[in-house]
Amino acid sequence: MSVTGITEPDLGLEVVRRRGDRARGFIARGLGRSDGRVGVAILAVFAVLAIAPSLFVGPLQTVVTATGSSLEGPSSAHLLGTDEAGRDVLNLTVHGARISMTIGLMATLITIVIGSLVGIVSGYVGGFVDTVLMRISDFFLVLPTIVLALILAPIILDIIGPEAEFAGIRATLLVIVVVIGVTSWATTARIIRSQVLSLKERMFVDRARVIGASSLQIMWRHIMPNVVNLIVAQAVLTFATAVFTETTLAFIGLGDPTAPSWGELLNSAQSSGAPGLGAWWYIAPPAVSVVLVVVSFTLVGNALDDLLNPRTRRR
Amino acid sequence: MRTSQSRRAAGLLATLALTGGALLAGAAGPVAAADPVVLSVGTTQDLDASNPFNTELVVGYEAFALTYSLLVDFDKDTHAAPGFADTWERAADRVTFKIGDNRKWSDGEPATSEDACFSWGLALAAIADESYIGSGYLDPGVKDAGVTKIECPDANTFIAYTADPSDRIFQVYVPILPKHIWGELDYTKIAEETFDAPLVGTGPYTLAEWKTGQFARFVRNPNFWGKQGFADEVVLRFYADNTDTMVQALKNGELDYVHGVNADQFKQLQGDTATYTAVAGAANGWTQLAFNTYGTGTGKTIKGGGASTKALQDAAFRDALGYAVDKQVLVDRVLGGFGDLGDTVVPPVLTDYHVTPDTVRTFNIDLAKQKLDTAGYVLDSAGKRLDKEGKPINLRLYYPNTDDNYKKVAQFVQEWYGQLGIAVTHQSFDSDTLTALLLPPESGEDGALAKYDIELWGWSGSPDPNGLLYVFLCDQIGTSSDSNYCNKEYDDLYALESKQGGAERKATLSQMQNLIYDEAPYDVLYYDANLDVYRNDRFAGWQNMPSNGTPFFTYGTLNYTLLTDATAVPTPGPTVVATAGATAAPGATTTPTATQPPSTGGTSSGGNMTPVILLAAVAAIVLGGWWFMRRRKGPAVEEE
Amino acid sequence: MSAGYFVRKLAQALVTIFAIIILNFVLFRLMPGSPERATRNPHLTAELIAQNRARWGLDKPLFPDQLVNYVQETLTGDLGYSIKYRGQPVVDVVLEAAGPTILLIGLGELVAIVVGLAIGARSGWSRGGIGDRIGNGLSLIFYSMPYFVIGMPLIIIFAAGLHWFPTSGMTTPGGNKDLFATLWDLGRHLVLPLATVSIGLIGAYSILMRASIIDTRAEDYITTARAKGLSDGRILRSHAFPNALLPMVTLIAINLGYVVAGAITAEIVFTWPGLGTLTVQALDARDYPLLQALFLLVAVSVVLANFLADLVYGYLDPRVRA
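Going down the list, the protein sequences come from chains A, B and C. In short: position in the first sequence from 1, add 1, done, that's this note's numbering. In short: position in the second sequence from 1, add 6, done, that's this note's numbering. With this note's numbering, letter number 58 in the third sequence gets 48, and the count goes up by one each step, no holes.
Pulled out of the complex, with its shape left as it was, chain A reads as follows:
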């Protein structure tokens, strides 16, 4: 969806200020909003869990190291009960935070890098390059990530084989990351591009051009710092989408069964009959975690985004 216009009057005027400062000030203002604060608080909790899950719940339990018996209800030994293999659900959910958030983070990085590059280049260079890039982004914009991912993921897996590993990351995980990243950059690219289009006409860009700066320099030194806010806001929103998409793909069965992300846990819960057995403790923790994280990211993202653009957009 395209952005109708940038309304913030002060954008792009204070070029002298350093990039980092601007972003920081902007984030601080975003967090000044209470919904943004709540979002950040929830995310902070999950971030801490994701960074050091073993600190809180010990190492990831496997079927062999499981400490309980099949589908035990919550007790003092297992605060959130156990899964069908006797693993502690709390343990799995906390470790799931790490896997889900890592996938989300990596996918977001890919999305943002591609999106920003395309947006800046397309907006600044214009002409034929712009047309081609925008037609490509049209394609990805129109097609829903999940539909593209559904056909891409199994084919890529088939080509490289599910047992392949890259830098210690299993192919099944990596494919999900790449597929999410490659299919969801178009929105970011569009938003950045329209911002760059207006920046291009500003005085400071002209001045830089006059003193002989190359296009690359201008894009990096002058354009980039002025869209970094937008990038941050987009990254936060993208993260929410990425976690959501990962959950869905894993639930459908395209995840890595050895890496219990939240989607994978929900998939196992469903296939082991937990809903019918009334094992709510197996379903609720991963489901609530997903919803909490997605809501929080959306809140923070919207808070940041509202500063730049009062319109909300779809997932």
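Just so you know, these hints were derived from the structure itself, not from any lab. Be a bit skeptical, because a hint or two may be false.
List of simulated lysine to any residue pairs, SDA-like, C-alpha gap at most 20 Å [as the list claims (entries may be wrong)]:
#1 K(-1)(C) with F141(A)
#2 K(-1)(C) with M135(A)
#3 K512(B) with Y500(B)
#4 K217(B) with K(-1)(C)
#5 K505(B) with D278(B)
#6 K457(B) with D393(B)
#7 K390(B) with I170(A)
#8 K185(B) with G291(B)
#9 K512(B) with D498(B)
#10 K397(B) with F167(A)
#11 K195(B) with G77(C)
#12 K(-1)(C) with I170(A)
#13 K104(B) with T154(B)
#14 K155(B) with R109(B)
#15 K309(B) with I161(A)
#16 K217(B) with T172(C)
#17 K217(B) with D175(C)
#18 K457(B) with P469(B)
Output of the computed footprint for chain B on chain A, the stretches with three or more beta carbons under 8 Å from beta carbons of chain B [what the hints assert, rightly or not]:
#19 55 to 65
#20 82 to 90
#21 107 to 120
#22 193 to 202
As the structure is a prediction and not an experimental result, all values here were calculated from the model. Even for Gly, the Cβ is constructed at its ideal location relative to N, Cα and C.
Place chains B and C on chain A using the hints.
Using the frame of chain A, we list chains B and C on its own:
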């Protein structure tokens, strides 16, 4: 115009609300009275083919056995019973079958010995060509029974000449197909037929409709000459990878019978004896790890396919792996106790033939490591086990998506082999896809490369042990063999025991069981019970077949015709439960239910609590959302 | 709307559709074992496979022969044969599954649009009020819930728990029901999946409608209307609501693709025999011809929906019309 728009919207809402309310109100009420009686059966397998020669799944056997009679059927003790033939007479070199007069196919055409000659003739033609029909699962039975020639001197007589005097001819699972429909086809062409519904058969119920991945519907065959079933229709519904939905459908009364629930579900349903009867049928089969030993005994290789390491061809390697699997843990943790530890390839239910291996492997990781070292498979500096080519061993373990237990087993195996320094990646597939993946070039399929290392799957056999033992024959590579194992000595022993009887046969079978156990192309993990559950409220007259088995998905389809109307019987509940109660524990081999009462009580009350807990959770979310939104009020307004 | 605008949008849509076909072709040929892979299908006879090889030009070079062949076949509606569905033409298989999905999604969209717009409009109109807080809070939560997370508790409560509705499927197989009984049966099966899809969609519509109403509320004509002494409800209904609807048109059309994608997970939970369940079957069976046809169908309908949205938008919004 604009106001009318929103009014229309309101009208629509009201309509929807009304419809919803009406649906709700009527939902609990009884359905129209004149409905036909439908017996609904759920299974976790997804029917793969309605052509009997192309199915490889238990559900496929069930489907074709409902439609087509076998020459000789099975009674409730799995002994020979009248099927397509009424009577038979055994002579030294032949069996003469008599088929009754005025028998008809479901389309009214006469059913005669010609149909039997046609059907068995297909199998014999394939055997004569040293080939097989379709997936090659049915015709070996004819060969295995020692049938050399068949004759149909008149419409009522079918004579089969046999090379050995065994009873296996009465267990041949070749359906009698209508010659007036398929008669023009030879054995290669029949395998290409799709057998589209509706089908013409002589069985109790014939296939009327098949929605791939959803259900197969069978209608009662008015021309069936056995007892006419009480149900007007039988529907097999497929729940691949979805036992949860299946069990919920059973609880909701949408299904009368479910086949293949997991241990947790079984225990929960077992607790409610008023509504359900839970049957843990002793398995005439097992779950195994089949190693891809392609090349063993043949020296062949597959370009661009086969196993990822030559180590799998080495019996010493496979033997060592056997010490790294704790079968007791698998039975306890995966099966919830409903099964027996696996050893040989003759299941213990075949008490006459099963032996305990001479050298039993017991769980001992250190011993496994030591054996691997001795066999020349050493660790590298990174702790990875290397094969003799110096390549780290990474094994691909594949299993079908029909059983949740496979996924758990795969995780255990991955852990245990991992402790030996052997990496395992596992993945599940649709049954059809998995079969295609396992087949070697011998199958003649385009692109069949046997590209796997370990297959985790299972077999279920026939009352004679040969039904499972033939899987290891050299000539099964490309059809039913999933280990691609070939051993001349085994083939010879098989030929020998097929002609033997009594103690002699038992001795040979013992030798064969030990041979396969020691060579270990298979690691038989456990003999898993079939966990089936049925409702007591609609149908009565359930019969376990045999007495330690399950009512359906066993041999023959007798039970489908035995069922009666449960609501018509004055006291249906107690009698049914009593029968089933005696058989609920699967024979003397398993004692899964000893500690059941407390845990099932807990689970079932948990089941009743679930809606309440979930409603509470929803309420909590709503309240949380409200609280949360209240907090954001002030600043949000200022922002714009 | 000018002819130029129409032509430009039409060209864009056609280019995208063409790109989708090319992508389909490339993916198809990228797979290991191609082109043999394309014809490997245990359910086809040797003759049929040979026929296909010849027809698809698999023994000719990839470019241009195979590509041209592929585009031709696709445009004439020949997408090959399904593996899972025993050699049936995939077009037939896909079309059969399209009905249930259209029914479910169509009704789901309808309910979600009506309810979502109503909630969003109320929320935005009384911004900051208690109704807004609850409405907007719930919308955000629903918006963040994957469909299967909504569907699972619904089954547990209303099907397995209270036995009000069936757990799965679209019809009860068996029996010879009359028209009313058939519809009744369908209706009962439809309730829970429909609720799931609607709840999943309400969030997006309500959030956007709220923002749209808030924007509208600040416009001059609303102030004018208020100055004229019109009642608050009246202003919302006859002035703010219709104007706030404009951006929604685009959203609804664009959303279609996402709806189909999301419906996949809703369908799985209820084993609803539509495109979603079919997609998962195709995935499990690695039935690539079927998967590709599904992809093509969804992608093309999304492109067409977008094209329609552009047209409607162009028609409604005077700024674009020029």
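Structure-based check of each hint:
{"no.": "1", "hint": "K(-1)(C) with F141(A)", "in the structure": "16 Å, holds"}
{"no.": "2", "hint": "K(-1)(C) with M135(A)", "in the structure": "14 Å, holds"}
{"no.": "3", "hint": "K512(B) with Y500(B)", "in the structure": "12 Å, holds"}
{"no.": "4", "hint": "K217(B) with K(-1)(C)", "in the structure": "41 Å, violated"}
{"no.": "5", "hint": "K505(B) with D278(B)", "in the structure": "49 Å, violated"}
{"no.": "6", "hint": "K457(B) with D393(B)", "in the structure": "18 Å, holds"}
{"no.": "7", "hint": "K390(B) with I170(A)", "in the structure": "17 Å, holds"}
{"no.": "8", "hint": "K185(B) with G291(B)", "in the structure": "33 Å, violated"}
{"no.": "9", "hint": "K512(B) with D498(B)", "in the structure": "15 Å, holds"}
{"no.": "10", "hint": "K397(B) with F167(A)", "in the structure": "18 Å, holds"}
{"no.": "11", "hint": "K195(B) with G77(C)", "in the structure": "16 Å, holds"}
{"no.": "12", "hint": "K(-1)(C) with I170(A)", "in the structure": "43 Å, violated"}
{"no.": "13", "hint": "K104(B) with T154(B)", "in the structure": "19 Å, holds"}
{"no.": "14", "hint": "K155(B) with R109(B)", "in the structure": "24 Å, violated"}
{"no.": "15", "hint": "K309(B) with I161(A)", "in the structure": "18 Å, holds"}
{"no.": "16", "hint": "K217(B) with T172(C)", "in the structure": "17 Å, holds"}
{"no.": "17", "hint": "K217(B) with D175(C)", "in the structure": "18 Å, holds"}
{"no.": "18", "hint": "K457(B) with P469(B)", "in the structure": "32 Å, violated"}
{"no.": "19", "hint": "55 to 65", "in the structure": "holds (count 3)"}
{"no.": "20", "hint": "82 to 90", "in the structure": "holds (count 3)"}
{"no.": "21", "hint": "107 to 120", "in the structure": "violated (count 0)"}
{"no.": "22", "hint": "193 to 202", "in the structure": "violated (count 0)"}
When each numbered hint is compared with the structure, violations occur for hints 4, 5, 8, 12, 14, 18, 21, 22.
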